[in-house]
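All chains should be modelled from the sequences, with the hints used to inform the complete structure.
Chains as they are written, first to last, in the numbering used here: chain A, 1 to 339; chain B, 1 to 309; chain C, 1 to 321.
Just so you know, the hints here were simulated from the structure itself, not pulled from any lab data. Honestly, I wouldn't trust all of these hints.
[To be verified] Cut-off 30 Å, straight-line C-alpha distance, at most; resulting in silico cross-link-like pairs (DSSO-like, lysine-lysine):
1. A/K21 <-> C/K124
2. A/K284 <-> A/K328
3. C/K124 <-> A/K125
[What the hints assert, rightly or not] A short list of chain C residues far from chain A (calculated; beta carbon distances all over 12 Å):
4. T5
5. I21
6. Y65
Positions of the beta carbon are idealized from the N, C-alpha and C atoms, including for glycine.
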Amino acid sequence: MAMLEVDDLHTHFTTPDGVVKAVDGVSFNLEPGETLGIVGESGSGKSVTALSIMQLNPEPPVSYPEGEILFEGEDLLEASDKRMQQIRGNEIAMIFQDPMTSLNPVFTVGNQIREAIRIHQNVSKSEAREKTVQVLRDVGIANPEQRVGEYPHQFSGGMRQRAMIAMGLACNPRVLIADEPTTALDVTIQAQILELMVGLQEKYGTAIIMITHDLGVVAQLADKVMVMYAGRAVEQGTTDEVFYDPLMPYSWSLLRSLPRLDTAGEVRLLPVKGAPPSLIFLPKGCNFSPRCPFVKDECHEIDPDLYEKKPNHTAACILSVEEIEANKHRVDEELGVEG
Amino acid sequence: MVEHDRTTLGAGAQDNAAEPSVEEYVKVRGRTQREIIWRRFRRHRLAMASGVFLVLLYLAALATPAIVPYEYDEIDYAAINQGPSLEHPMGTDRLGRDELTRVLYGGRVSLVVGLGVGVFSTLIGAAVGIFSGYYGRAVDTALMSFTDFMLTLPFIPLILVLGSIFNFTPASITLALVILLWMNMARLVRGGVLSVREQEYVLAARAIGVSDSRIMLRHVLPNVVGVMVVQATLTVALAIILESTVSFLGFGIQPPTPSWGNMLTDARSTMTQQPWLTWFPGMMIVITALCVNFLGDGLRDALDPKAVE
Amino acid sequence: MLAYTVRKFLFSLVVLFFASITIFGLVSLGPDPLVELKNNPRIPAEDVRRITEIYGLDKSLPERYIIWVGGLLQGDLGYSFKQQSDVTDLIVPRIWPTILLMGSSLIFTVMIAIPFGVYSAIKKYSLVDNAGTFLSFVGYSMPSFWLGLILQLTLGVYLTGWAGMRIFYTSGMTSPGGGGLVDLLQHLTLPVLTLSAISIASYSRFQRSAMLDVLSADYLRTARAKGLSRRSVYLKHALRNALVPVVTVIALDMGVLLGGAVITETVFAWPGLGFLLADSLYKGDYNVAQGLLIISAVLIVFFNYVADIAYSVLDPRISYG
Chain A
1 MAMLEVDDLH
11 THFTTPDGVV
21 KAVDGVSFNL
31 EPGETLGIVG
41 ESGSGKSVTA
51 LSIMQLNPEP
61 PVSYPEGEIL
71 FEGEDLLEAS
81 DKRMQQIRGN
91 EIAMIFQDPM
101 TSLNPVFTVG
111 NQIREAIRIH
121 QNVSKSEARE
131 KTVQVLRDVG
141 IANPEQRVGE
151 YPHQFSGGMR
161 QRAMIAMGLA
171 CNPRVLIADE
181 PTTALDVTIQ
191 AQILELMVGL
201 QEKYGTAIIM
211 ITHDLGVVAQ
221 LADKVMVMYA
231 GRAVEQGTTD
241 EVFYDPLMPY
251 SWSLLRSLPR
261 LDTAGEVRLL
271 PVKGAPPSLI
281 FLPKGCNFSP
291 RCPFVKDECH
301 EIDPDLYEKK
311 PNHTAACILS
321 VEEIEANKHR
331 VDEELGVEG
Chain B
1 MVEHDRTTLG
11 AGAQDNAAEP
21 SVEEYVKVRG
31 RTQREIIWRR
41 FRRHRLAMAS
51 GVFLVLLYLA
61 ALATPAIVPY
71 EYDEIDYAAI
81 NQGPSLEHPM
91 GTDRLGRDEL
101 TRVLYGGRVS
111 LVVGLGVGVF
121 STLIGAAVGI
131 FSGYYGRAVD
141 TALMSFTDFM
151 LTLPFIPLIL
161 VLGSIFNFTP
171 ASITLALVIL
181 LWMNMARLVR
191 GGVLSVREQE
201 YVLAARAIGV
211 SDSRIMLRHV
221 LPNVVGVMVV
231 QATLTVALAI
241 ILESTVSFLG
251 FGIQPPTPSW
261 GNMLTDARST
271 MTQQPWLTWF
281 PGMMIVITAL
291 CVNFLGDGLR
301 DALDPKAVE
Chain C
1 MLAYTVRKFL
11 FSLVVLFFAS
21 ITIFGLVSLG
31 PDPLVELKNN
41 PRIPAEDVRR
51 ITEIYGLDKS
61 LPERYIIWVG
71 GLLQGDLGYS
81 FKQQSDVTDL
91 IVPRIWPTIL
101 LMGSSLIFTV
111 MIAIPFGVYS
121 AIKKYSLVDN
131 AGTFLSFVGY
141 SMPSFWLGLI
151 LQLTLGVYLT
161 GWAGMRIFYT
171 SGMTSPGGGG
181 LVDLLQHLTL
191 PVLTLSAISI
201 ASYSRFQRSA
211 MLDVLSADYL
221 RTARAKGLSR
231 RSVYLKHALR
241 NALVPVVTVI
251 ALDMGVLLGG
261 AVITETVFAW
271 PGLGFLLADS
281 LYKGDYNVAQ
291 GLLIISAVLI
301 VFFNYVADIA
311 YSVLDPRISY
321 G
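Here is the structure:
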């Protein structure tokens, strides 16, 4: 049994306009020390998946009609509020996208990190303070003894995110969920933060779930990847597999829509036409069929499951591997992509 | 053309998202700004009702001499100190004068003063706010310092002193109230102008060389109108209450000119014996102010550009 | 931080200066304070002239202004000819009643308005919230003097008649011959209710709005993600942010509270500074009025200053601005 097993998770929101199926049957595993990248557009359900694990979706509209989230054997969907409070920040931690609004402006950074420690560990104030300084140093913040007394607005953007990471790792959780941690940062800072996370993972042995729409981030950090679309996982596999040999037209389209340095100017980009479907009114058949470049007639009738196309590489598409490869080849030629 | 067709994604794809229902389609269709505002306002039933009531009230104030059942000064010794009845729905006072008639006459002054203060304080406040926000720097500092200064003057004590020195007429009390109430409008409008000024379409207009006054009129003003209207209603309500308060204490509208406030001064001495004389004029003040406030609230909701359909 | 405080203080002094000029100028438009002495045939012209000289009443306006300010800085608020006393002596015994009234009202207001506002935000659109919103509207729309009159009538007269004994007093601060704490409370209740009504309406809505802003903040989600209970998140993280605007609003509102006190004290014959103002104006005693006006101005400027400082202390982002 894996450390974290998400099994057929369904997360629904009841809205005045209808039931939004934000997560519509997602499954994945996470082992200690592994990094899983969850990729998708806005609205694909990746953040909601993470918030479902943390049980932080807004209570009145949300419901979890099916599925389980097993953390070390315990089903988090059944866990009590108190139990979840014990788990959050302590065994499973989460950091968010915008560090400026994610930190309370009226408390010092040190105070907020100390709070994370003291909720879960029975240590004295001075011990907590020491640990805070140490963890700030670990994330690469210079002069941590001085910084603990400072307020979030006195930190730069990159430093704030480092502080958030420090806060997340303060209790040495088994899993760290990072929801678009670098999206709000400058490109150069992004690189630093990612490097930091790799280093920390080695040091602490934390498993990471990295949620992002940025494929570059995933390529750098993740061992395995899950591509999400319209609330479902549409492709899962190791990072190498999914990047070099995407077997779901959506993943492939995503990759083809990104500019690359080595082919700049020579290769045409292929934007994905259209927009993601409304999660209340999903299309008939395959969710991606209205926008799919390889679409066949059957696609509008059959709603595909995740089929194992190659060992440990699943994709939600009814096309065979050969059909997909042929389609890819055809379009690549037209775009001018070699090989 | 043909090439494009073949290489854009979706060659062979049909748009097969579930057909939107008619209701959804209608929802999405665009509307004119005015339509949107009116629709939103109509949803606010309390505000609508208040608006209607206020219009009736002001019409009644205009038409008072024509519609009153009795004369203002009509003394009837046979009917003194009577409580509300069919002939005298609001009762009579110690001289047998019909209270309803007197309330209507009193309303004329109070309503007109309220409206006058609303209009003029809005004009002055908006002017100050727009100039201050638009021109910035020295002009802004000067105007805002003056505004801040005016805000530190003790409102009510001052107007009482002024009322004591000069006997207020409806016109002069309007003036005094305007002088004391324009500041909040100025600040609000200035805030609105500041947020609009940095918008790109304003910068673009200036780059083309559109004159300042034209920009202020065509771009800035429409954006702050919402805030202005709401604040204006608040001011009207406040003015009605202030006028009645000052008049009640004896420093406002002086008898024999009636106002709801000074009617209550008289009523006070016989409050326990003839409570209706205290009740009715006061209720009129409350109801009028309440309606103005509800109206303002409805307008605020309707005009809020950030509200999502 | 210190520079900020000092800067604000100096600015306050400048504002006070201009306020004093305005006040002095306006009052000088009033009638001659010696008019009764002059018209009294029994007072010799010689005496009138002497008084005029002593108090510098024949000097030019700017000179009289300087004399007045000079006196102010020494604690001398001038002399009341009508009431034959130093203005200061008239004012001092009235200070405590006004502080008692305003202080009690403030405490009462805060104790009700803030929790109510917070609760209304958390349970948005609940019955309590909607009722509160409606009551706030009514509160805004009600002239405080009329509320006072109605309370006098209902809770004062009618309630006493119904209960067979005096529950609340409708005027004055104490019963003749003094009274204990209970007697004081019986006198204090109705004025406090009257003075507080509008403030409660205003602050509770404001607090609700401030709390709503905070409730949608990201950092609350972060706090939950750390393992804090909902209650801790509300009370520690949310409230601390939501109280900041309200504190400043209250401080700024003190000025308006003074005006409100004038009305309430007059309606209830509460022997405080507000009543003194109205009373002096009825008597045509403008020297007293002038002294009270400048005191009001000082208090307003003082509270504005306090509000500024409080805000920068409570919100660490401001100090450095």
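Each hint, compared with the structure:
| no. | hint | in the structure |
| --- | --- | --- |
| 1 | A/K21 <-> C/K124 | 26 Å, holds |
| 2 | A/K284 <-> A/K328 | 24 Å, holds |
| 3 | C/K124 <-> A/K125 | 37 Å, violated |
| 4 | T5 | 19 Å, holds |
| 5 | I21 | 40 Å, holds |
| 6 | Y65 | 46 Å, holds |
Violated hint for the displayed structure: number 3, the only one.
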